[in-house]
Amino acid sequence: MFFIKASLFILIFITSTSLGFLYGKKYSKRVENLIALQQGIRILQSEIIIFSNPLPEALKNTSNKVNKQIAKIFLIIRDSLLKNHSGDIYYSFLVSEIYLKDLFFRKEDIDLFLSLGKMIGKTNRLDQEKQFNYLLVELETLITEAKEDRKKNEKMYRSLGLLLGLGIIIILI
Amino acid sequence: MKDGIDAFNLVLSNFIPEIRLPLSKIPKDYKEGVEEIRLRVNSPLNIYYSGKDYFVSGKGEVSLNPKEGLQISLNAIEKIFQLTTNYSIYALSEEIKYGFITIRGGHRVGIGGKIIYGSSDIEGIKDISSLNFRIARQKIGISNHIIPKLIDKDGNFYNTLIISPPQCGKTTLLRDIVRNLSNGDFENKYRGFKIGVVDERSEIAGIYNGIPQKDVGIRTDILDGCLKSHGIMMLIRAMSPEIIAVDEIGSAQDAKAIDEALRAGIKLIATVHGRNIADIRMRNGLKNFFQEKIFKRYIVLDNSLGVGTIRAIIDGETYQNLWRGK
Numbered sequence: 001m002f003f004i005k006a007s008l009f010i011l012i013f014i015t016s017t018s019l020g021f022l023y024g025k026k027y028s029k030r031v032e033n034l035i036a037l038q039q040g041i042r043i044l045q046s047e048i049i050i051f052s053n054p055l056p057e058a059l060k061n062t063s064n065k066v067n068k069q070i071a072k073i074f075l076i077i078r079d080s081l082l083k084n085h086s087g088d089i090y091y092s093f094l095v096s097e098i099y100l101k102d103l104f105f106r107k108e109d110i111d112l113f114l115s116l117g118k119m120i121g122k123t124n125r126l127d128q129e130k131q132f133n134y135l136l137v138e139l140e141t142l143i144t145e146a147k148e149d150r151k152k153n154e155k156m157y158r159s160l161g162l163l164l165g166l167g168i169i170i171i172l173i
Numbered sequence: 001m002k003d004g005i006d007a008f009n010l011v012l013s014n015f016i017p018e019i020r021l022p023l024s025k026i027p028k029d030y031k032e033g034v035e036e037i038r039l040r041v042n043s044p045l046n047i048y049y050s051g052k053d054y055f056v057s058g059k060g061e062v063s064l065n066p067k068e069g070l071q072i073s074l075n076a077i078e079k080i081f082q083l084t085t086n087y088s089i090y091a092l093s094e095e096i097k098y099g100f101i102t103i104r105g106g107h108r109v110g111i112g113g114k115i116i117y118g119s120s121d122i123e124g125i126k127d128i129s130s131l132n133f134r135i136a137r138q139k140i141g142i143s144n145h146i147i148p149k150l151i152d153k154d155g156n157f158y159n160t161l162i163i164s165p166p167q168c169g170k171t172t173l174l175r176d177i178v179r180n181l182s183n184g185d186f187e188n189k190y191r192g193f194k195i196g197v198v199d200e201r202s203e204i205a206g207i208y209n210g211i212p213q214k215d216v217g218i219r220t221d222i223l224d225g226c227l228k229s230h231g232i233m234m235l236i237r238a239m240s241p242e243i244i245a246v247d248e249i250g251s252a253q254d255a256k257a258i259d260e261a262l263r264a265g266i267k268l269i270a271t272v273h274g275r276n277i278a279d280i281r282m283r284n285g286l287k288n289f290f291q292e293k294i295f296k297r298y299i300v301l302d303n304s305l306g307v308g309t310i311r312a313i314i315d316g317e318t319y320q321n322l323w324r325g326k
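Protein sequence lines correspond, in order, to chains A and B.
All residue numbers for the first sequence refer to my numbering, where the first residue is 1 and numbers rise by one.
All residue numbers for the second sequence refer to my numbering, where the first residue is 1 and numbers rise by one.
Accuracy of the hints is not assured; some may be wrong.
[What the hints assert, rightly or not] Each computed BS3-like pair below joins lysine-lysine, with the alpha-carbon atoms no more than 27 Å apart:
1. K114(B) / K97(B)
2. K114(B) / K118(A)
3. K118(A) / K126(B)
4. K256(B) / K139(B)
5. K256(B) / K118(A)
6. K60(A) / K151(A)
7. K194(B) / K139(B)
8. K83(A) / K25(B)
9. K126(B) / K130(A)
10. K72(A) / K26(A)
11. K118(A) / K107(A)
12. K114(B) / K130(A)
13. K194(B) / K83(A)
14. K139(B) / K130(A)
Read the hints as simulated data drawn from the structure, not as lab findings.
A quick note: this is a predicted structure, and the numbers were derived from the prediction, not measured.
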């Protein structure tokens with residue numbers, strides 16, 4: 001009897017703690033992915049400003065230089081540009097929105113990234129550089145906020161999970 | 001003829017479906033011969049064929065009545081411009097500054113819109129309101145029968161000037177002459193010449209991504225997108241050409257650079273806008289050439305029997321017409 005009870009308590013404790021960790025993880029994942037996205041946008045900026053590569057090629061080259069999850073965003077946009085032949089870059093960015101939602105990004109992160117689709121490729125290099133710089137500054141602000149969120153919430157959810165598990169166990173005892 | 005349709009289809013690949021579909025339905029004869037496709041904001045879809053303006057409806061019907069043409073929206077022009085530049089205006093901003101870009105196949109797209117001036121020069125064009133797709137058709141062999149008239153009995157090339165009104169095929173003829181002279185012809189016993197082409201507007205060789213889209217011969221070096229006055233000097237210094245080919249001469253700077261080339265013993269083939277010799281001989285930048293009888297052959301074109309009709313080949317010494325063909 002004691003063995004069954006002990007096992008149940010351990011299971012409750014592990015489940016509740018894991019839930020806390022999982023919930024807290026979305027904050028660290030958001031920071032990780034925002035930093036990776038920032039790196040990707042910087043590479044894309046170089047592809048455009050320094051190498052003057054056409055956008056589909058620039059997106060492909062960028063996807064080769066970032067982590068797999070972020071690479072997929074650039075590949076989705078590139079494939080849409082080449083496949084749809086619509087002449088509408090923003091539309092191709094919108095195609096990536098569903099995937100972006102799977103990467104723990106918040107609405108403001110997604111909106112900022114999609115705004116890139118409204119300006120990219122449409123002006124000369126000088127203007128593109130200014131617009132990229134503006135976007136990267138905005139992204140830096142979001143990363144700072146995301147880090148603060150992580151600091152504040154990640155630990156809290158982990159502790160909450162742990163405490164909830166202990167609480168249930170105490171009640172059951 | 002298939003080449004004509006291929007060129008047309010290649011140009012259409014830059015269009016959004018709403019415009020591409022009607023154009024893909026126009027009759028075969030038009031597809032083979034269309035010289036320009038013009039898109040203007042809030043105006044009917046327009047093609048230029050056989051010296052006339054036609055309008056294309058949403059169903060692909062061709063008419064002389066503008067009211068039947070498919071209306072072009074600003075949004076359509078913006079999207080087509082994006083496709084034409086491969087979503088990369090930044091990569092073509094230098095070309096756009098000069099009002100045109102060259103696309104795959106060597107076709108040229110003229111751009112109309114608001115010009116942006118910087119501190120010293122044009123910085124770019126924004127608010128694009130019209131696009132003109134000029135379909136460059138290579139007509140290989142059109143100069144075969146006139147080459148013997150451009151070479152003396154010792155096998156030397158005569159300085160030649162092609163005189164033609166706009167859209168009568170002067171660049172097409174120039175390109176084929178360059179191809180013939182560059183390749184040489186053992187049967188007709190003229191050797192291949194080293195030729196330098198200054199292709200200021202990317203029309204002669206139609207260079208796209210560094211590769212000539214037109215056949216300009218095996219001994220031809222090209223300076224693409226380069227001012228004639230700069231390019232001629234660069235070729236003299238670096239490429240030791242026997243013949244320099246340039247399109248649309250006329251400015252004082254061109255004349256100065258050509259003079260340098262002639263003094264270096266280089267032969268010249270050039271084109272100029274005009275109806276005949278009388279029309280151009282007193283123009284600034286050209287009259288010295290006439291006074292000094294620099295050009296030994298004048299080829300006069302018109303479109304009386306279709307685009308590229310050779311009306312006369314005139315001897316620059318005697319001003320006699322050497323041409324007996326139709």
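**OP:** Please write out, lowest number first, the hints stated earlier that are contradicted by the structure.
**Re:** 4, 5, 6, 13, 14
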